[in-house]
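J.: Note that numbering that gives the first Met the number 0 has the sequence shown beginning at 0, numbered continuously upward.
I should point out that these hints are in silico values taken from the structure, not numbers from a laboratory. Keep in mind that this is a model prediction, so the values were computed, not measured. It is possible that part of the hints are untrue.
Unchecked claim - Label-pair ranges, simulated between beta-carbon atoms:
(1) D50 / L104: 25 to 33 Å
(2) P68 / R164: 28 to 36 Å
(3) I146 / D78: 16 to 24 Å
(4) Q49 / R103: 30 to 38 Å
From the three backbone atoms N, C-alpha and C, an ideal C-beta is built for every residue, glycine too.
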Amino acid sequence: MRACIARVALVALAALPFVASAAPVELPAPGTASAALPALAHYTCEAAGQDRQCRFEPRAGALTFEGIPVVAVRIRLADERVVSGTVWFAEGRFDSATRSLTTRLGPPETRPEELRAGMGATFTNAVLVWHRPGQAAWLAEQFSGGIDTSSVTWMSAEALAGWLRARAAETVNGARNLRSGYD
Numbered sequence: 000m001r002a003c004i005a006r007v008a009l010v011a012l013a014a015l016p017f018v019a020s021a022a023p024v025e026l027p028a029p030g031t032a033s034a035a036l037p038a039l040a041h042y043t044c045e046a047a048g049q050d051r052q053c054r055f056e057p058r059a060g061a062l063t064f065e066g067i068p069v070v071a072v073r074i075r076l077a078d079e080r081v082v083s084g085t086v087w088f089a090e091g092r093f094d095s096a097t098r099s100l101t102t103r104l105g106p107p108e109t110r111p112e113e114l115r116a117g118m119g120a121t122f123t124n125a126v127l128v129w130h131r132p133g134q135a136a137w138l139a140e141q142f143s144g145g146i147d148t149s150s151v152t153w154m155s156a157e158a159l160a161g162w163l164r165a166r167a168a169e170t171v172n173g174a175r176n177l178r179s180g181y182d
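Start from the sequences and build out the full structure, keeping to the hints where you can.
T.: If you want it as structure tokens, here you go:
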């Protein structure tokens, strides 16, 4: 009987997929030339107006950000230079990600916004911004890409100012519609 249980356990163990350790996502600085990003070869890129957006959805557990499994990555390019990058992860890990960023970057500016869900209910979206003079600005959103995903975006100060203006323009009657997908 023990030999049979041992064989079943070995067969079950052999059937498990091999899981390599997760690699941290590469965060190219704003202004980096696309030619300097060999990882872009694994992304799906498409034109977005005059820009180009490159997306990657790694297999589960393959990439991490601040030790958190990443579900999607987007790099936005203008004139073949990085404008911004975004990583998405499970919303339940938002507090862990923002604690880690706060430890590394200092206290953030809080910019909460009201979101409107599909049936018209509104709720608060935590939006945190870390301004880094002369470096990339960081922005974390609790609900990004859906109710179950959060994101962190890094970008230049100019891109952040444009992002904040665009977000303000999307607000109607004090709330913005929650978008789905990794946009």
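J.: Work down the list of hints and note, for each, if the structure agrees.
T.: Structure-based check of all given hints:
As the Cβ distance of D50 to L104 is approximately 26 Å, the hint placing it in 25 to 33 Å holds. Separation of P68 from R164 is about 32 Å and conforms to the stated range, judged on CB atoms against 28 to 36 Å. Distance hint check for I146 and D78: the Cβ-Cβ separation is about 35 Å, which falls outside the suggested range of 16 to 24 Å. Checked against the given bound of 30 to 38 Å, the beta carbons of Q49 and R103, roughly 33 Å apart, stay inside it.
Hint 3 alone, counting from the list given before, is not met by this structure.
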